[in-house]
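Novice: For reference, the chains in residue letters:
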Amino acid sequence: MEYGQVIANGLMLGGLYACIAVGFSLVWGVLNVINMLHGSFIILGGYLTFFAWLHLKVNPLVALAPVAAVLFSIGFLVQYLLVNRVITQPVLTTLTLTFGLDMILYNAMNLAFEATPRRIVLDLGRLHLGGVILPYDRVVAMALALVLTAILYLVLRTSRTGRAIVAVRMDRDAAALMGIRVNRVYAITFGIGALMAGACGALVAVVFPITTSVTGLFLGKAFVICVIGGLGSVPGALVGGLALGMIESLASFWFGPQQAILVGFLIMLVLLMVRPTGLVGKKGYE
Amino acid sequence: MSEPLLTVENLSKNFGGVQAVRNVSFELRKDEIVGLIGPNGAGKTTVINLITGVLPASAGRVLFEGREVTGQRPFEAARRGLARTFQIVQPFPAMTVLENVMAGAVFAGAAATRAEAEAVARANLEFAGLLPQADKPAASLTLPSRKRLELAKSLAMKPKVLLLDEVNAGLNTSEIGAALDLIQAIAARGITIIIVEHLMKVVLSLSQRILVLHHGELISSGPSADVVNDPKVIEAYLGSKFAERHRALTQAP
Amino acid sequence: MTRLGGRAGHLVFGAWILLLAATPFIASNYFVKIATFLAMYAALALSWNFIGGYTGYPSFSTAAFFGLGAYSGALMQNAGLWVGFAWIGAALVVSAFAAILGFAILRLRGHYFAIASIALADVLMLIASIWAGVTGGGEGLNVKIMPGGPDFIGRVFLYTMLGIMLAAFVTTVLVDRSALGFGLRCIQQNEDAADMVGVNVTRYKATAFTLSAVFCGAIGAAYASWVAYISPVDSFSILLTLKVPVMVLLGGPGTVLGPVVGSAAFVILEETIWAKYLDYHQAVLGVVIVLLLFFLPGGLLRMLSRRSGR
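Chains as they are written, first to last, in the working numbering: chain A, 5 to 290; chain B, 139 to 391; chain C, 2 to 311.
With the rest of the complex left out, here is chain A (with noise of 0.2 Å):
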């Protein structure tokens, strides 16, 4: 494999991830709390677009809209009548609420789901570009991934919710006192973490098998694109999950897959130590 191969697979890699950091990215920049469930609603989204596809013979591109209602819907509600209950207690209290739920739910999905592997296999065929072989299922979710990403960022700048999600993450109390509420607020961010989440859980369920063993890698790749992109912004997401893309594409080439994971935290251990708001973030919450 030469180094286009290993390119062209960082980047689709790269789109991939930054969308499925992007929520968990947002969630921690607006409410300060760390989502440990985000992994869980990423392999979520996944199994019900690969149930979907598998026993009702849906195309994973049409049941991408109805599985984001469902995962915003559930976020929605965790975040309202659970998250909230805690949401200015310290980090330990909300990591901990957080990370308990993450254990109803994965498994609440093992029971239902069984531990197989699941993976939507779409045949479209292969792209040849140069020597290149971009698969065409890969190139598709890389772009749908993108996509989504640059529909969250408009939806952020231009729509009244976004700018007002945008103004509590600037300031929440100067917020509150411009009439935002600000519970709601939190409550629809965490329901976008959890869409953004699970609509990329469908794109991943294209590209990778699914199962519920992995809940925990996404999410540290989550932790590590907020850490090298900065926290609460769409392209600092961007920035981060290219970023880890391409450092895990050309580790896995280097060294192997294993130790690709494993350079990725390394990094993003030396980054906190040094400059722990990453390379596009700004000063904000610890």
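It is worth saying that the hints were derived from the structure and are not from the lab. For every residue, glycine included, the Cβ atom is placed at its ideal position computed from N, Cα and C. A couple of the hints might just be wrong.
[Said to hold, decoys possible] Rough simulated footprint, nothing fancy, chain C against chain B, three-plus residues with beta-carbon under 8 Å:
no.	region
1	199–213
2	222–236
[Claimed, not checked] Which residues of chain C face chain B? A partial, calculated answer using Cβ under 7 Å:
no.	residue
3	Gly150
4	Ile154
5	Gln190
6	Val198
7	Val200
[Stated by the list, open to error] Over 12 Å on every C-beta distance to chain C, these chain A residues come out as not near it, computed from the model:
no.	residue
8	Phe76
9	Leu133
10	Val143
11	Met182
Knowing the structure of chain A, use the given hints to seat chains B and C on it.
Specialist: Relative to the frame of chain A, chains B and C by itself:
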């Protein structure tokens, strides 16, 4: 008088392009009460932060008791005898009032045993008028009491120099009067004081000498009466138009 | 200060440790095993209490210390070192690890610190998986089984875990009464104010972090010798890293007895209720966490002391 207790030489601090403090130099002698005044944003708290090591200086030196202490960490300043209070009070909220003051005694005041720390704490609480509240959580105190707690804690640290940063912020007139009495009592204990203040009458009634900061620079320093009439100071506080009129008025026969 | 500590607390603990130590003589092997787990988790909880309870830093590094201790101990033992020395060696390795890394990550606060602490375990687990030549990789590592038969082995490890628990408890009592404990509590309340009042914040935090590691390392090494087989996923288990803070939160963080009470309550709950519902294991843990955080802030000790009218 022997050498100064605290010397600040050409102290400067910039924050990525914004020069917050520029070439500030002054000396502090034992038993003085020196006022540090200036308009909002002049850099007064920054100077305090630089002296106590909360912020690293971009340039310049700080000497304490003749020894160079530039770049010291806050806890080192505390142990050397440099205590300060915060504009927005910083207690240990869930701990009792007594424990708050004991912290000062144990970590900076070199109390050897728990019993000694408690005794020192109680004495200082009594001095500050807070002994009845000794076992209440610090968070339950009113603002004036919290300011007194901050003072009591600083005293338990057995400081040689006490830097008071806007002790009177948020207090009403009668509370301010009480605070002033307390500060004078502290000075009477042999502690040298720098008091950062907004209110002119407070500064004038307490300090023999005043330093005036404006846009990070020391624009005037000297005995209180002189500084108050210094045209540069008037201009800094009240604007150039008023300064002109004032000059015209005071020069008229 | 709530005092279910002090003399009464020490007596309670003394009685508890004697009860556990007596199990081989008064109960079946099943109870000996339970007692061993009680001691083990108590030691882990007491360890976490230094950095999470007293200092208030959201540390999720128990698995990192435990796993590193397990692998260090196992490797030393397999290299021929006598078991006891292997355990001590492992504790030293883990302490050094914590002391060095502590300086780097203790400058972080809040979420960033939490993530860094989780990442430590992930990194170590990946290294254990990758460096198969030394650690056996994903296949795991076998450790020489101790000679002497199951009853004897059971007692050896019961008393080992009890010994480590006792050491952790005594250290906690000493810290609780000392300037270190006071300083850590100040740091938890207001780190900047603590600095200004004369607390050497960096050194105190590093000390707390190292203390939180040393007993975990010893427990990990002893555990490896006990079960005679370790693997990356189980040694650096994410479940462990979550359970231990929950035990302390359950009992009462920042107190001397809280971790002991909390870990005991947790282990007993696990054995009596959850073990019956293996399929729902994680979900039950999750529900316990939710109930704990919503309805029992401050833990059992706080609730008990409120009931008894302070």
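Novice: Of the hints stated earlier, which fail here?
Specialist: Of the numbered hints, 3 and 4 do not hold.
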